[in-house]
Amino acid sequence: MSIVYEAGFVAESDPLSEDRQLIELLDNGNVEAVSQRLAEITRREREQAVREILSAAGDISG
Amino acid sequence: MPLESRELTIFLSSTVEDLRPVRNEIAAALRLRGINVRKSDDPDFPVLHGVSSHVACLQAVKNAHILITLVGYRFGGEFEAGQSITWREWETATENGVIPIVLVHKGMNDLSIKIGEKRGELGVQFPNETAPEIDKRLRAQPGFGDWKPLIDDLPAQQRFIDALRRGHVDNWVHHEWSGTAADALRYIDPRLSTLLALSRDAEARAQATAKALRRLARWAAVLSMEIHQGKRDADTAAKRLLQFVEQLREDLLDFSAGDRYNFMLFRADGDALVPGPRIAHHGIVQRNRTWTIGEGHAGLAAVENRILVAPDLRETKAWDALKTADRAVREEDAKNYVSAVSIPLSVDRGKPSAVFIVTSSRKDHFTSTEQAEVLTCDTIGRILNLIWMGGDGDVDSL
Numbered sequence: 002m003s004i005v006y007e008a009g010f011v012a013e014s015d016p017l018s019e020d021r022q023l024i025e026l027l028d029n030g031n032v033e034a035v036s037q038r039l040a041e042i043t044r045r046e047r048e049q050a051v052r053e054i055l056s057a058a059g060d061i062s063g
Numbered sequence: 022m023p024l025e026s027r028e029l030t031i032f033l034s035s036t037v038e039d040l041r042p043v044r045n046e047i048a049a050a051l052r053l054r055g056i057n058v059r060k061s062d063d064p065d066f067p068v069l070h071g072v073s074s075h076v077a078c079l080q081a082v083k084n085a086h087i088l089i090t091l092v093g094y095r096f097g098g099e100f101e102a103g104q105s106i107t108w109r110e111w112e113t114a115t116e117n118g119v120i121p122i123v124l125v126h127k128g129m130n131d132l133s134i135k136i137g138e139k140r141g142e143l144g145v146q147f148p149n150e151t152a153p154e155i156d157k158r159l160r161a162q163p164g165f166g167d168w169k170p171l172i173d174d175l176p177a178q179q180r181f182i183d184a185l186r187r188g189h190v191d192n193w194v195h196h197e198w199s200g201t202a203a204d205a206l207r208y209i210d211p212r213l214s215t216l217l218a219l220s221r222d223a224e225a226r227a228q229a230t231a232k233a234l235r236r237l238a239r240w241a242a243v244l245s246m247e248i249h250q251g252k253r254d255a256d257t258a259a260k261r262l263l264q265f266v267e268q269l270r271e272d273l274l275d276f277s278a279g280d281r282y283n284f285m286l287f288r289a290d291g292d293a294l295v296p297g298p299r300i301a302h303h304g305i306v307q308r309n310r311t312w313t314i315g316e317g318h319a320g321l322a323a324v325e326n327r328i329l330v331a332p333d334l335r336e337t338k339a340w341d342a343l344k345t346a347d348r349a350v351r352e353e354d355a356k357n358y359v360s361a362v363s364i365p366l367s368v369d370r371g372k373p374s375a376v377f378i379v380t381s382s383r384k385d386h387f388t389s390t391e392q393a394e395v396l397t398c399d400t401i402g403r404i405l406n407l408i409w410m411g412g413d414g415d416v417d418s419l
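Note that the protein sequences, when read in sequence, are chains A and B.
Counting from 1, position 62 in the first sequence corresponds to residue 63 in the working numbering; the numbering is continuous, with no gaps.
Counting from 1, position 120 in the second sequence corresponds to residue 141 in the working numbering; the numbering is continuous, with no gaps.
Any given hint could turn out to be false.
Unchecked claim - Derived DEER-like restraints, expressed as beta-carbon distance ranges:
no.	chain 1	residue 1	chain 2	residue 2	range
1	A	55	B	325	44 to 52 Å
2	B	324	A	36	36 to 44 Å
3	A	55	B	214	29 to 37 Å
4	B	403	A	30	23 to 31 Å
5	A	28	B	214	46 to 54 Å
6	B	226	A	45	12 to 20 Å
7	A	44	B	131	31 to 39 Å
8	A	55	B	309	18 to 26 Å
9	B	368	A	36	42 to 50 Å
10	A	44	B	315	56 to 64 Å
11	A	55	B	307	44 to 52 Å
12	A	44	B	74	49 to 57 Å
13	A	36	B	72	24 to 32 Å
14	A	42	B	84	37 to 45 Å
As the list claims (entries may be wrong) - Computed footprint of chain A on chain B; a stretch qualifies when at least three of its residues, placed anywhere within it, have a C-beta under 8 Å from a C-beta of chain A:
no.	stretch
15	233-245
16	261-274
FYI, nobody ran anything at the bench for these hints, they're computed from the structure.
Here a beta-carbon is modelled for each residue, glycine too, at the ideal position from N, C-alpha and C.
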């Protein structure tokens with residue numbers, strides 16, 4: 002399971018590449034790897050959201 | 022969007038003659054906190070040409086984020102018969118999603134209880150009289166009369182306080198206000214902090230749901246392409262999509278770790294709803310029952326051709342269909358399938374050809390067709406409809 006996960010997901014030329022790979026993981030019964038990958042994406046997005054809020058708050062204090 | 026344009030705006034609502042000093046003190050304290058405070062007696066209060074001051078106040082209430090209502094011993098000017106402008110401002114706030122924080126003077130609150138009791142007695146004595154007519158009788162009673170300008174129309178004020186108390190579970194009414202600005206701020210400040218936290222949570226939740234739905238739409242696009250390319254059949258595509266719904270169930274549908282979930286498609290076949298792709302919590306034994314159309318929650322949604330929501334399935338007629346099962350199964354069902362949403366799916370808006378059902382083991386998980394989670398179920402159902410209804414329906418392959 003980790004081999005597929007470690008193989009990497011990002012291919013900039015195809016915006017749906019990551020989605021295809023997640024579907025392929027499910028086709029292979031690799032549900033756990035999908036969970037890990039989605040958790041990682043969510044964590045990144047939340048960090049980005051906090052950065053945006055702090056940046057906006059900086060704008061008004063400055 | 023720059024945060025400056027989202028300056029927190031509070032409308033301070035009350036009678037003016039009796040409460041002017043305390044209004045000014047509260048407004049000054051809130052302005053020091055960087056809050057935009059609107060009150061009708063300010064010289065810069067916006068009144069457009071041709072608009073009455075009452076209408077201008079109601080417009081200002083609609084444009085505010087929060088309404089603070091101070092209730093003292095004066096009913097104040099009437100907006101319409103039996104209803105004061107302060108009362109109307111509070112109603113306008115609740116009708117327009119403006120959050121009300123209400124402070125009722127403790128003395129007036131105590132008095133309103135006594136007036137309410139007397140009103141009950143007079144109501145029995147004069148059953149055909151209207152509330153304002155009873156008000157007149159109450160004003161003639163010792164202790165309930167006017168002492169203008171500070172005390173005015175206590176019975177009408179009692180009706181207002183009664184309206185504030187009733188039927189608004191999300192309303193914050195504080196009955197112990199001493200009448201000072203310092204005491205008012207003691208109630209207002211914690212409420213503002215709570216609102217900030219709630220607003221942040223609600224926004225984060227809405228964003229998470231939107232992101233999860235976008236992700237689901239992308240997967241649906243890939244799966245749909247694969248169906249058209251002949252690489253995948255519709256049933257496995259729908260099942261994959263349900264697996265993604267399972268993965269994103271917290272963001273999409275507010276499932277928590279302890280909830281047992283069940284996402285299932287049924288295909289209409291004559292008078293029967295035949296089980297299709299399904300994903301459920303590992304603790305649920307999947308019996309994949311076939312329902313007659315009109316029977317069970319999914320069957321009722323199909324026959325009525327509308328979204329059905331059950332806060333507690335066990336208390337609906339849909340539950341009758343499950344009563345025929347043996348006792349152990351019934352007990353299991355009663356734990357697993359508590360709240361439900363059934364979405365009829367159809368091609369070209371005709372008779373439903375399928376039903377998408379979502380169930381939860383949490384009572385009141387799904388409560389109304391307007392609830393965000395139910396609307397999301399509907400959206401997921403529509404996405405599934407696009408993918409699944411073009412397939413061959415070979416459920417045995419699952």
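Verification of the supplied hints:
{"no.": "1", "hint": "55/A with 325/B: 44 to 52 Å", "in the structure": "holds, 50 Å"}
{"no.": "2", "hint": "324/B with 36/A: 36 to 44 Å", "in the structure": "holds, 38 Å"}
{"no.": "3", "hint": "55/A with 214/B: 29 to 37 Å", "in the structure": "violated, 19 Å"}
{"no.": "4", "hint": "403/B with 30/A: 23 to 31 Å", "in the structure": "holds, 28 Å"}
{"no.": "5", "hint": "28/A with 214/B: 46 to 54 Å", "in the structure": "holds, 49 Å"}
{"no.": "6", "hint": "226/B with 45/A: 12 to 20 Å", "in the structure": "holds, 18 Å"}
{"no.": "7", "hint": "44/A with 131/B: 31 to 39 Å", "in the structure": "violated, 54 Å"}
{"no.": "8", "hint": "55/A with 309/B: 18 to 26 Å", "in the structure": "violated, 50 Å"}
{"no.": "9", "hint": "368/B with 36/A: 42 to 50 Å", "in the structure": "violated, 34 Å"}
{"no.": "10", "hint": "44/A with 315/B: 56 to 64 Å", "in the structure": "violated, 46 Å"}
{"no.": "11", "hint": "55/A with 307/B: 44 to 52 Å", "in the structure": "holds, 46 Å"}
{"no.": "12", "hint": "44/A with 74/B: 49 to 57 Å", "in the structure": "holds, 53 Å"}
{"no.": "13", "hint": "36/A with 72/B: 24 to 32 Å", "in the structure": "violated, 57 Å"}
{"no.": "14", "hint": "42/A with 84/B: 37 to 45 Å", "in the structure": "holds, 38 Å"}
{"no.": "15", "hint": "233-245", "in the structure": "holds (count 6)"}
{"no.": "16", "hint": "261-274", "in the structure": "holds (count 6)"}
In summary, the structure is inconsistent with hints 3, 7, 8, 9, 10, 13 from the numbered list given earlier, while agreeing with the others.
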